[in-house]
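The two chains are supplied separately, each in an independent frame; assemble them into the complex guided by the hints.
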Amino acid sequence: MADPGHDNDFPDPSSFDDESSVISTRGLEAFGRKVTTTASHLMATRTDPGSNPHYQNAMSEVHRQLRRPALQRGMFSMTRTTPTDMVRSRLSTKEIQSRALSYVPDEMLQNIPDADSSYSLFQGFQASFPDFTDEGKKHRRRVSRGRKLIDERPTTPDGSPESVQKLKKEKASMMHQLEMLGIRKNMASSEIREVDARIENLAGMRRIVLDRLANLEQDEAILEHDIVDVEERLEEAQELAAEVESVALRTPTKTDEDAASERGDAPGFMSESIYEKLPSANSTPSKRKPRNVRRKSMPILHEHFEPGTMIRSMRAHHDSITALDFDAPFGLMVSAAMDDSVRVWDLNAGRCIGVLEGHTASVRTLQVTDNILATGSMDATIRLWDLSRAHYDPQGSHFGKEEDDEDAIAFGNPDDPPVDPPAGSMSDCPLFTLQAHLDEITALHFRDNVLVSGSADKTLRQWDLEKGRCVQTLDVMWAAAQASALSTSDDTWRQTARAPDMSADFVGALQVFESALACGTADGMVRLWDLRSGQVHRSLVGHTGPVTCLQFDDVHLVTGSLDRSIRIWDLRTGSIYDAYAYEHPITSMMFDARRIVCAAGEDVVKVYDKVEGRHWDCGAGIAEADEGKGPAVVERVRMRDGYMVEGRRDGIVGVWTC
Amino acid sequence: MTQLPYAIDAETALNPAELAVLRAQYEKEGDMVGVQTKFNYAWGLVKSNTRHEQHLGVMLLSEIFRTSPERRRECLYYLALGNYKLGNYGDARKYNDLLLDKEPGNLQATNLRALVDDKVAKEGLMGVAIVSGVAVVAGIVGGVLLRNFGRKR
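The listed protein sequences correspond, in order, to chains L and D. Numbering-wise, the first sequence is residues 1 to 658 according to UniProt numbering. Numbering-wise, the second sequence is residues 1 to 153 according to UniProt numbering.
Bound conformation, chain D alone (with noise of 0.2 angstroms):
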């Protein structure tokens, strides 16, 4: 039994039918909801694939962080995970910091660090690879325009 989720565990969407469960309790409840509940819901909503209900999970459980300081310790791992879901890799390395700051021997913690820094430097690399490759054909577009002009002349 683990204390907290690995990111593996946050890829598995619930189906439809238990997301309903869960937020059928969490409007239950209504202006009272309880935090595990709130919890509950916020962490079937973060497992989906669909973004906007990853966002409305975020939201909850910052609302969670908000609300009871005595569960703020773990629900920054939960919003760490949550931003590395949304690729809010920014505000996912943030949180995640601060926890491992916290808790240096963190083991999911750890493995969320390292998830992000390969998503950040893939994702980089990627990015630099479309940039360069746009002021590749930028310079060729260039050269042979200039080319042109210059034949022209």
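Bound conformation, chain L alone (with noise of 0.2 angstroms):
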């Protein structure tokens, strides 16, 4: 037959009859009517009115519009909605407040992408309503396989056709449930999704917040060390006003000395020599109120950092570091080496400050604590320094060179060679000199007023550092004879004390507070004594190799030793907590609230994360494994509060997160 286009050409026989009948003209009437009897004889064949999609849409179209009254379609037309509708719109404030909640601004409306999810949102609620009210997933698919295995049996031999009824029922059942478990599967999958992309989301949000806490640590040290300068600078206008003030007051016989001095009578309790050492007293505590303002700000941006991040990188010297301790975080760095130098440093800028000279060997321990510093060399004395009375400005503004590229310098490349700082700037730190070791110092400790000093020729001593002098001498031998001969089972004793190894320190590490001392020594023991009667209380055998570094706080005393191991006590019991060894021997070790890092002789960093147990690597060795090139073995490291530092063989501080 024809093509469907063609019977389109053709009107309805309705209204074609219509059309003809207003032609008035007889001849044209009958014309038309043969035409229509034609027409409809010649579609009666074919269009079935049922069957026509065409014709049933034009007059279910014309039957829908006829049906309404022509009143009404006039009325109502042109309106969109009913009065209640509007006057509801216009009047009640609830609800426009509503609206005003839930209205869509029409620029998303034209935004709308194509759906592309693979199931409806309402879907996903069908498929997981069952879930709320249900007790869960479990028990449905428990109650569906349980009523399975009821049915199987009897549906299965006979062939009636309730049967297959049944069986087909259950199928569709099923068939619904795994499209329900698809649609779950589906729900779960972009869930996850969403997550991650909220994760990702969060990650960027942190690395912004990251930088802004950057920036203002920063902003923070710069306006820190403005509110020192105008300190140093009021004090000194006070000074100089009281000065004047003074002057005018008494007579004029005065020294200026006298009317600086705050306590002006004091030399007269002490001899002139004690007098010199002392650290003088009018300017040591203007100094230290300015750095105590510092404290008060703790930088914290280390804490956000990733752990095992590195901050920093610095070739400090040329040969194998010895020593190093810092104060704070991003605060004073102080480091020994080989090449018998001694170097301050500041950590926030990656600089060094000067050099601090007075030594004549090497450096073998040392400890910075609230900008004292102490140090121990091989040429057998104690030295102290005040590191607040060095020239150092923080904005570098007294390095010329390193003014242009600071950012160089901060994340410098640590193959450079060391900045040398301006000679003199460390001129005013050194306080005084504690003489009396016969042996190279090998370790020290010191907490408010209390020094405690291990030296080569088997002795510790202890130091007053507010008169500058040794107030009492600790014989290591003697007093391991004197417990030993206490000690009822002194034969196992005897057994499990080695010979001193002669290649490593007699005095590997000590630790002082108040009246307690813990000292590591070569033997592989580890004392406990007490100050006020020089006595050792305990010894704690376990050790196989000598003692290298201890540290202990109120319950804990750990230590590390060449014997490869780490070994935490129980202070109260002396018995061993916990213990664990690496490869090679421990050279140097600190601990904090949740983790304990050493070094042990490889060029990474050992961490022992306490609260998670975990034992990881953090430093060069990771991240230069994959080049090709070993970074050089770790000797020392400090960590406070999650900021680490490390030094190592070939001289370079590295300064890490963990």
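Note that these hints are calculated values from the structure, not bench results. Do not take every clue at face value.
Under the rule of at most 20 angstroms between Cα atoms (straight-line distance), these lysine to aspartate or glutamate pairs were calculated in the EDC-like manner [to be verified]:
1) K610/L x E306/L
2) K94/D x D114/L
3) K94/L x E63/D
4) K102/D x D106/L
5) K85/D x E63/D
6) K28/D x E194/L
7) K185/L x E53/D
8) K94/L x E53/D
9) K85/D x D97/D
10) K94/D x D578/L
11) K28/D x E191/L
12) K94/D x D106/L
13) K102/D x D114/L
14) K467/L x D448/L
15) K94/D x E107/L
16) K85/D x E95/L
17) K102/D x E306/L
18) K610/L x D650/L
In structure tokens, the structure reads:
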């Protein structure tokens, strides 16, 4: 028959009739009738009104239009909504409010992307809805499984139409369940994608905030430095004013020195020699105060870095680092190396502040606390320094060379030669020298005014920093003999104690806290002393090699030894609390509330996370392993509040978070 | 299985316990609420019979519309349905027509359009009846008053 396009050419028979009736001419009418009849004859064979969609559509359209009263159509074809709606949307405040809340801007209505998700939210609702009311998926599955097992037996044998019906029904319901499960699967996976996107988003936000924090900290540091400056000037001005006043009040015979000194009559109580060694009373507090202001704003940036991130790497020395310490994260660091130099660093800028000169041999041990530095050297002397008296501007205005490229310095190439600080920047720092030991100083520790040093002459000395002199000398061998004599089981003690290893330091490490002193020695013993009696009150036996490092807090004592092990002791009972070992001898160790870090003869620092119970490596060895150049072995490590500094055999110092 | 619910589906309210479960889930997820959870709660609210809850449901739906572009198309339908239930036929028609522009063959949307048309026609007629009734009454009263005035004079 004709193609479908053809019968579109013919108008509807009914409408054709209508049209022809309008024409009045008789002849035309007859002709029209003829055409109509032939057309309807031609079409009747196939244009069954029931099967022709066009016809049906047209008719239903006409029908719908006819069904509606003409008046109503006329009234409401223009309106889009009902009067009640209109009244509501204009008069009721509550309605207006809620409409405003659920208002969708037009540009959003224009911007509707194609739906690409495999299920609609409604399907998701349907799929998850049984979960809310039933007791979960598992329960439902068990029920359906059970039902299947019960039904299976009676339905399989007979082939009656009911059983077929039943099976069909069951199949349909199972298919439905399968579909549901598919949707739920899709839901779960799209939810995961959503969460991933959100995590990414949050990570981006974190980066931005971290940058902001870094900037704030930088600003803070600069401002603090300015505050220090202003305070200094204020003090000077006040002093000057006081001087002028006192000059005006007192008789002109008084000298300036006496007026400036806050405790003008103090020298009378002391001998001249000791007085000279003391830090001058009026300058120390004035310098220390601003530093204390600085402490109040603790840098926290490093806590937000990913553990194991490198903050900075500096070529500090040309030879192996022998000792290293810093006072606070982003604070001051002091490093000593085999090249006999001692350098002071600003960790914030990564810049050398100055070189401390005085020791005639290389420094083996040092400690920085509150701007006070103690160094113990192979020349058998201990020197104390006040680092707050250094002439240093954190903003680097007096190093002309660095000003230009501060970033290049801050994140500088570790292979760059150390920038030489101006000579004499540290000339005011030396406080005094403690001389009494007969051999090199291998360990020292101070707290408040008590300093204890250990030397290769097999003695420990306790110093009073107020007076600057030796308070008592503890002979380790004698005390050990005493302790063994007092001990009831001296035979077993003798057996476990090794002969001192001559290559290792006799006193490997020590720490003092008020009258308590712990020291680790080359025979592998850790001794706990009471400084009031000068006696060993407990010996911790366990290490089979020289003890090289030691630290205690209120509960635990942690020791590291050349026997490759770290031991954690319970301070109250003296028993082993925990122990673990690495592949090489431990040369340095430090712990805080969360982790124990140690240098164990590798190019990385070994970190033990106490909270997570996890061992991991931190340091240059990980990143540079791929590049094929092995960094040098880490010799010394210090860590405070997750801010770690490590010194290597090639003189490079790395700063990390952990 | 249909992609979108028919208008009938929105007429059957959930029981309070079910709605409470949906609400609890929505509140548990807090600020980081997922689209599906939000929709579940919103749909439960739209199905409700109290006008206040329906409002809240439509508000949540519009939030989904604003925040997740990939769901906008289907959200048009939900919004249309929600507004239809609220009796905001203007908005309902706006959303529904937008959806029908994009998907002319959408059965649910076609169905909804017919429903909206019917409702508008019916309520409109009623409105006309009321207005004309009032007018007639006013006319009668006015006429009576005028007559009274006339008599007094």
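Evaluation of the provided hints:
For the hint pairing K610/L with E306/L, the CA-to-CA distance comes to about 17 angstroms; that is within 20 angstroms, so the pair holds. Proposed proximity of K94/D and D114/L is supported: the alpha carbons are some 19 angstroms apart, at most 20 angstroms. With a CA separation close to 19 angstroms, the supplied pair K94/L and E63/D stays within the 20 angstroms bound. About 16 angstroms separates the Cα atoms of K102/D and D106/L, which keeps this hinted pair within 20 angstroms; it holds.
The straight-line distance between the Cα atoms of K85/D and E63/D is roughly 18 angstroms, inside the 20 angstroms bound, and the hint therefore holds. For a cut-off of 20 angstroms, the pair hint linking K28/D to E194/L stands: about 17 angstroms separates their Cα positions. With a CA separation close to 30 angstroms, the supplied pair K185/L and E53/D exceeds the 20 angstroms bound. Restraint check: the Cα-Cα separation between K94/L and E53/D comes to about 13 angstroms, which is no more than 20 angstroms; the hinted pair holds.
This hinted pair checks out: K85/D and D97/D have alpha carbons roughly 16 angstroms apart, not beyond 20 angstroms. In summary, the hint linking K94/D to D578/L is not supported, as the alpha carbons are separated by about 72 angstroms, beyond the 20 angstroms threshold. Simply put, K28/D and E191/L have alpha-carbon atoms about 16 angstroms apart, close enough for the 20 angstroms limit, and the pair holds. Our distance criterion of 20 angstroms between C-alpha atoms is met by K94/D and D106/L, whose separation comes to about 11 angstroms.
For the hint pairing K102/D with D114/L, the CA-to-CA distance comes to about 9 angstroms; that is within 20 angstroms, so the pair holds. Proposed proximity of K467/L and D448/L is supported: the alpha carbons are some 13 angstroms apart, at most 20 angstroms. Using a Cα cut-off of 20 angstroms, the hinted pair K94/D and E107/L holds, with the two alpha carbons roughly 14 angstroms apart. Taken as a hint, the K85/D and E95/L pair is honoured in the structure, with Cα atoms around 14 angstroms apart against an allowance of 20 angstroms.
With a C-alpha separation of about 48 angstroms, the suggested pair K102/D and E306/L falls outside the 20 angstroms cut-off, and the hint is violated. In summary, the hint linking K610/L to D650/L is not supported, as the alpha carbons are separated by about 30 angstroms, beyond the 20 angstroms threshold.
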